[in-house]
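Asker: What follows is the residue order along each chain.
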Amino acid sequence: MKMFSKLPLRILGLVVVLLATSWSINAQEAARLRLDGLDKLATNSAHKLSFDLNGRLLQLAIRALSSGDANDPKMVKIREAVQGLKGIYARSFEFEADNAYAAADLEDVRTQLRSGTWERLAGIQSKKDGQNIEVFTMFEGDRIGGLTVLATDTRHVSVVNIVGMIDLEKLMTLQGNFGIPNVNITLPIKIKTKP
Amino acid sequence: MNDYLWDGSGEPDGDIEQLELLLRPLSYKAPAEPYAVPALVVAVPVKRAPLYRWAVAATIAVFALSLGFWLIRAQPDESVALATLDRSSISDLTWTERAIKPTVTVDPIDSNHVVSVPRHTVAVSNRGDRGDQRLRAELKEGRVAADQLLKALRITSDNLNLVKTKVNQVGATTPES
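From first to last, the protein sequence lines stand for chains E and V.
If you use numbering that gives the first Met the number 0, the first sequence corresponds to residues 0 to 194, in order.
If you use numbering that gives the first Met the number 0, the second sequence corresponds to residues 0 to 176, in order.
Note that these hints are calculated values from the structure, not bench results.
Do not rely on the hints blindly, as some may be mistaken.
Said to hold, decoys possible - The calculated DSSO-like cross-link candidates involving lysine-lysine, where the alpha carbons are at most 27 Å apart (straight line), are: (1) E:Lys127 to V:Lys139; (2) V:Lys139 to V:Lys150; (3) V:Lys139 to E:Lys126; (4) E:Lys169 to E:Lys39; (5) V:Lys28 to E:Lys73; (6) E:Lys76 to V:Lys150; (7) E:Lys169 to E:Lys73; (8) E:Lys39 to V:Lys163; (9) E:Lys169 to V:Lys150; (10) V:Lys163 to E:Lys169; (11) V:Lys163 to V:Lys150.
To be verified - Far from chain V, some chain E residues (derived; all Cβ distances over 12 Å): (12) Leu59; (13) Ala102; (14) Glu118.
What the hints assert, rightly or not - These stretches of chain E come out as covered by chain V in the derived footprint (C-beta under 8 Å, 3 or more residues): (15) 121-135; (16) 140-150; (17) 153-165.
Built from N, CA and C at the ideal position, the CB exists for glycine as well.
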């Protein structure tokens with residue numbers, strides 16, 4: 000009889016656990032952008048990259064990266080950067096002609112990034128090249144739980160949406176570890192100074 | 000034959016009478032009322048759980064099952080997670096650098112810097128049984144996924160560094176007020 004009298008409490012405990020799991024999943028889902036709207040750009044693009052990595056595939060990828068030389072400092076950096084990631088979603092298109100896409104094509108993504116959960120961390124814009132790079136972050140407490148990089152110019156569109164705990168510093172130290180050395184940037188930016 | 004010892008008939012024996020006299024106080028005395036066997040099972044009033052508890056339990060159970068079902072349905076479908084990847088068309092993903100060509104000079108690629116996904120990290124026999132085939136398929140899938148992961152990280156890292164560098168340079172050239 001005691002077992003029956005405790006049944007509601009046990010079920011209540013189960014519900015609490017399920018709700019906590021649901022909250023965690025919803026937080027991850029909130030950081031994931033819907034990128035399907037960009038797929039129409041593939042029809043005009045010369046080159047494209049489109050993939051969604053999460054769940055088992057992401058684990059397979061991390062396992063493949065982890066199976067290399069454990070002491071290789073480059074692989075160590077990469078492994079550290081991908082720890083805690085829940086998903087990476089990317090769309091990248093290259094066009095053969097200028098302005099082969101319309102700004103409206105990106106509006107769906109921008110609308111999602113304008114929602115209250117995303118914050119625009121930084122952005123650069125070059126009118127000369129039509130280049131525009133924006134970085135958006137989503138915080139879970141005091142940690143970054145989502146990152147989106149939106150990079151465009153007249154012939155390129157690239158969106159990378161990363162879901163999970165992200166260490167920006169570690170992510171930035173990856174440059175030069177993928178077979179491409181660090182870029183040396185010469186800025187044409189001229190800022191008027193007061194006489 | 001004297002049956003006194005057997006059924007009390009016949010001539011009494013003196014010694015036996017003496018013994019009977021001594022043992023008589025210990026003889027069985029029938030009670031005034033027959034012994035009543037107590038009932039082994041005592042009827043105890045059954046204390047049932049109130050009906051509202053069962054109603055609450057049933058509601059919570061239905062809610063929990065619905066929530067669990069919804070959670071299972073809400074999981075991303077990994078089987079279609081990948082990949083409209085057109086590998087033939089992504090032989091060169093350095094477009095990020097080329098996109099900023101007017102303002103960026105890229106050093107020649109140093110082959111020593113190339114990071115590739117390990118190809119022979121797990122020994123796979125050539126027996127061709129199902130386990131090996133599945134392992135090979137997983138390895139292949141993992142390598143493709145790792146390639147994609149690296150490309151996405153490269154795009155992200157390069158753009159983050161570009162933004163950081165430009166922001167820093169703009170900050171450095173801005174006159175102090």
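Asker: Could you run down the list of hints and mark each one as holding or not?
Answerer: Hint check:
no.: 1; hint: E:Lys127 to V:Lys139; result: violated (43 Å)
no.: 2; hint: V:Lys139 to V:Lys150; result: holds (17 Å)
no.: 3; hint: V:Lys139 to E:Lys126; result: violated (43 Å)
no.: 4; hint: E:Lys169 to E:Lys39; result: violated (33 Å)
no.: 5; hint: V:Lys28 to E:Lys73; result: violated (103 Å)
no.: 6; hint: E:Lys76 to V:Lys150; result: holds (15 Å)
no.: 7; hint: E:Lys169 to E:Lys73; result: holds (12 Å)
no.: 8; hint: E:Lys39 to V:Lys163; result: violated (31 Å)
no.: 9; hint: E:Lys169 to V:Lys150; result: holds (16 Å)
no.: 10; hint: V:Lys163 to E:Lys169; result: holds (14 Å)
no.: 11; hint: V:Lys163 to V:Lys150; result: holds (20 Å)
no.: 12; hint: Leu59; result: violated (4 Å)
no.: 13; hint: Ala102; result: holds (17 Å)
no.: 14; hint: Glu118; result: holds (14 Å)
no.: 15; hint: 121-135; result: holds (count 9)
no.: 16; hint: 140-150; result: holds (count 3)
no.: 17; hint: 153-165; result: holds (count 5)
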